[in-house]
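S.K.: First to last, the protein sequences are chains A and B. 635 is the number that full-length UniProt numbering gives the last residue of the first sequence; the numbers go up by one with no jumps. 635 is the number that full-length UniProt numbering gives the last residue of the second sequence; the numbers go up by one with no jumps.
Simulated from the structure, these hints should not be mistaken for lab results. All C-beta atoms, glycine included, are put in the ideal place defined by N, C-alpha and C. Any given hint might turn out to be false.
Lysine-lysine pairs mimicking DSS-like chemistry, simulated, CA-CA at most 27 angstroms apart [claimed, not checked]:
(1) 607/A to 580/B
(2) 600/B to 440/A
(3) 580/B to 600/B
(4) 294/A to 316/A
(5) 604/A to 253/B
Stretches of chain A that chain B covers, calculated by requiring three or more beta carbons in the stretch to come under 8 angstroms of a beta carbon on chain B [stated by the list, open to error]:
(6) 313-327
(7) 491-500
(8) 514-523
Number of protein chains: 2
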Amino acid sequence: MGTGHEVSYADPRSFGFKFGSHCKETLFPDDPFRTIRNRHTPVARLKATLDYFVPIFEWLPKYDVRLLQYDILAGITITSLAIPQGISYAKLANIPPIVGLYTSFVPPLVYAVFGSSKHLAVGTVASASMIMANTIGAEVSATENPTLYLHLVFTACFLTGVFQFLLGVLRLGILVDFLSHSTITGFMSGTATIICLQQLKSIFGLKHFTTHTDVVHVFKAIFKNRSEMRWQSVVVGVVFLAFLQLTRFIRKKKPKLFWVSAIAPMLVVIIGCIFAYFLDAEKHGIQIVGELKKGLNPISIHHLNFNSQYLSATIKAGLVAGAIAMTEGIAIGRSFAILKNDQIDGNKEMVAFGLMNIIGSFFSCYLTTGPFSKTAVNFNAGCKSALSNIVMAICMMFTLLFLAPVFKYTPLVALAAIIMSAMLGLIDYEEMHHLFKVDKFDFLICMAGFLGVTFLSMDYGLMLSIGLALLRALLYVARPATCKLGKMPGTTLYRDMEQYPDGTRAPGLLALQLGSPIYYANANYIRERVLRWIQDEDENPDNKGDTVEFVILELSGVTSIDMTGLETLLETRRMLQSRKIGMAFVNPRLGVMEKMLKSKFVEKVGKGFFFLSIEDAIDGAYSLRREMQEKPLQV
Amino acid sequence: MGTGHEVSYADPRSFGFKFGSHCKETLFPDDPFRTIRNRHTPVARLKATLDYFVPIFEWLPKYDVRLLQYDILAGITITSLAIPQGISYAKLANIPPIVGLYTSFVPPLVYAVFGSSKHLAVGTVASASMIMANTIGAEVSATENPTLYLHLVFTACFLTGVFQFLLGVLRLGILVDFLSHSTITGFMSGTATIICLQQLKSIFGLKHFTTHTDVVHVFKAIFKNRSEMRWQSVVVGVVFLAFLQLTRFIRKKKPKLFWVSAIAPMLVVIIGCIFAYFLDAEKHGIQIVGELKKGLNPISIHHLNFNSQYLSATIKAGLVAGAIAMTEGIAIGRSFAILKNDQIDGNKEMVAFGLMNIIGSFFSCYLTTGPFSKTAVNFNAGCKSALSNIVMAICMMFTLLFLAPVFKYTPLVALAAIIMSAMLGLIDYEEMHHLFKVDKFDFLICMAGFLGVTFLSMDYGLMLSIGLALLRALLYVARPATCKLGKMPGTTLYRDMEQYPDGTRAPGLLALQLGSPIYYANANYIRERVLRWIQDEDENPDNKGDTVEFVILELSGVTSIDMTGLETLLETRRMLQSRKIGMAFVNPRLGVMEKMLKSKFVEKVGKGFFFLSIEDAIDGAYSLRREMQEKPLQV
């Protein structure tokens, strides 16, 4: 019956070897330097290194000129989105609207050089703008001290860049992994909701509002200032919003007509400008953007402000907004890459984002990343390479040099409609419903983010949601599932008897499958659970008095073990031994076996109690059982 | 070849059922109410409930009077330890020494009623005393405002009690599991070190010292006040310490002579008193304890101070000291129970500790738990039940009523020697060395605790160590080990090819074993890793150009999966499909399968890609491969 194979007791690998391989798994799971290593001459290796770190060297020489037309078309399309979005999000961040335009000039050029995604379109995002406004606004008022406020925004952008760059260089992409899908869904939906609420100020044409973002304060503020409401503004806002939503609806029904929704915001701005200019809208209570200066980005490197009085606010704004923006950017780059079967290296992307924000902050730009809407438009417009970002930058340059003053008349209510329309698409009811159906805890994590953001504040919502997700991660390992194995009829397979009820248990033997690492956080639980399995079996009337005399622990699923885990296994064995119940171990994995050997666990238990398969263990159990009863083992 | 069994696609269990069983696993892994449930009449059930919640009802009626002599002997022995320890630790906590004696009167009585350990001896512990002194001392000076300070200590003790009681009632024993063995070793050793350092004040007979606990500050303080040093004090201290260490050495060599080391501290106190009384020690620079009032514990319930000004300090002291004391107490109770094959319910013990501290705080007691030294002495003295605690309480009552004033002359240097001797035994070099050999990360966690406590402060050291341990717990799940499976010659077993190099891979097929849950924190990693396994195989010259055409994922070790995990598996499959590589799943466990069914994962992938064993999957792979090439599947 037996397999004739023994468990491997090979000497543990050296600490250096294991440490190296751990580091590799933790920091370089995707083995990024493979292509460099595979080159044989130093020159080729240098070339490969350069190609790796500065992707434009790799793709530009190979660029097929026939693709240029696609990139130009895509670049123009995203420019028509970048102008209204730039102005809108700059207003959201409480900085001069022109900065939003500057921000679509320098960063896309930097990304085109260092970025590795073909489809990502660079731009500002609403959530990061909102975080900036909240965090820095808490320290310095944007209305009372606009210059200082603006300089702090540049500084925060610089710090974001440094943070992202360092994360990338230190290969800490692992941190982004800890923002779960559910957290992002909840946080994004919550942020979209509060951003919509903030737009009610412009839609209603209010002059006074609240600096708070939560639902309760916003509705209070609207109620308090209801006398300032202007019907003209509301009408214009609703019309624009309806138009924008209609174009989105069209895109959804006919994806080929994506360009209708892509140019819609630009159309809204143009119509708004014309309307405001000819009808003297300001007199009718419709506020406009106001003066926009011609000219390219002024240099702002000397404006970076590291004064310790504001440093904690700028660091917080930079880190939180940076983490959110980066997660969005990487996730989006990745999803589009998958559609085209490319692969994106998250760490390299972080370096590109970092450089883009650092250099941006020197040229009057604020935080950029790869926003979903722009990237989707870029993709649909048929972009073929990062060249579309360069085209956008060139178009933006012309806008800044010649057209900027034209946008002076843009009504704020048009911008509000553009933002609201973008945000309504981000509230992901369907995903929430899906989470509710499939996984209640994921739903809880998502709702904590959503409700936390809408009713408390952005950072509390985010922390709450991440905290719950971490708690769950810890619970996963604190209470790993165990199951009783039964032999499937006519095979040598052992499977969970709850899942496969036709499995049978060998008399007097109980085989349990453990999963996940055994370590301090779950060691006690595993001991209790093993004891309870035995009790359950002994008390189960179906077993007709067949008591457990031997327990077999199947360890194939145990990926690692620590000292507490080993101690607890010994302790469990001792407790069972005193009740004359034996215990054997099946197939410990490499890392586990090494630790068992080093800590003398194998020596203490005896090699006779380790088996390569359950089949072998059952064969061995009866003879071991006899042996044990004759001469109690020393533990 | 095939096993003829299909994967089970049974309908997912209901949310209610799964939620209930999750709660049970998380909060009641030991199924504590089993005995109550098994009774058949209401009266029997009531009796069982009472027995469960108030253990004295269970054991006292069954008590065998012949055991009484053992308990009396043990009780007297631990009293002789309780008096010097009580006085010493009270000094350590900066409260009047008499409170240390009070604390060995009420709490042991409470524990005897509610506690479930037979061997635990109740008393104060040094680490908790030190935490109290540090945390509350930071708010209110013990020398300038001793009454308020004392009241805050009682309050902290009350809060500790409430906290422990609630943890027990809410079955949150799981929290204690997150204090790993390595954290406790490091923290305890570090605490023992700084407590020894604090004793240098009394040993050197200094009048001025530092309120800091870290090594650097203590040595600076000694150096600064070196002129106050009294050689008489040093000589007495060294002699006492040498004597105590000698008795410990004797106990180690001849465990039967444990009583020598058990009564040694009492002897030191008595000799110290006589010596101080007859030689007028105070004039020679040897400080004494001073006035001790006769009489039982005064009531202190009306002194509990919940003033918001001090509340944060008392809560912090109560929680941190309570958590540490409880962990020590439960761990110790458990270890001795194991020696005698009893089982201890951690949650029930928490309730007992909680009640003992709540009631204690009403009667001028401070924080108590089950200290290691006292419990070991109790065990060695042959205690048979919690009655030994009652005997100790009675002895202590007589001491308080008649003998207390005698201890007025106890020299502080004698107490310092007692504390130092106890603490030297707690610095666990051997365990640290063992950790270093077996697990470098465990060693790091331990050293973070040790060095953090000795060079920074107790709370930073503890947080640092717990933080590292949590980081490790998260890394375990963020980077779960995967391995390539090979078929063991002559069997149907598939095992790790690195561990068992004679395994062979079927041509064109790659079987990978995944372990631990698949979820947001490791989903990206698993995708990268699977892709890298394929690349490694394809580039491995040993395979002679045999490229991977089908990947089989063995999921037996995967205990759970979340939405992000499922999405990522789909994504991986899509990426492989575009490279014409197939992917199948083997033996998903119950919870995983349920989620795969609910989220329509099975539907999207197709039932044909799920197998019960690797053998089946290999059989199926070739035909699936053909099918896939003919007609690409919709994903």
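S.K.: Are any of the numbered hints broken by this structure? If so, which, sorted upward?
M.R.: As far as the earlier hints go, 1, 4, 6 are violated by this structure, in ascending order.
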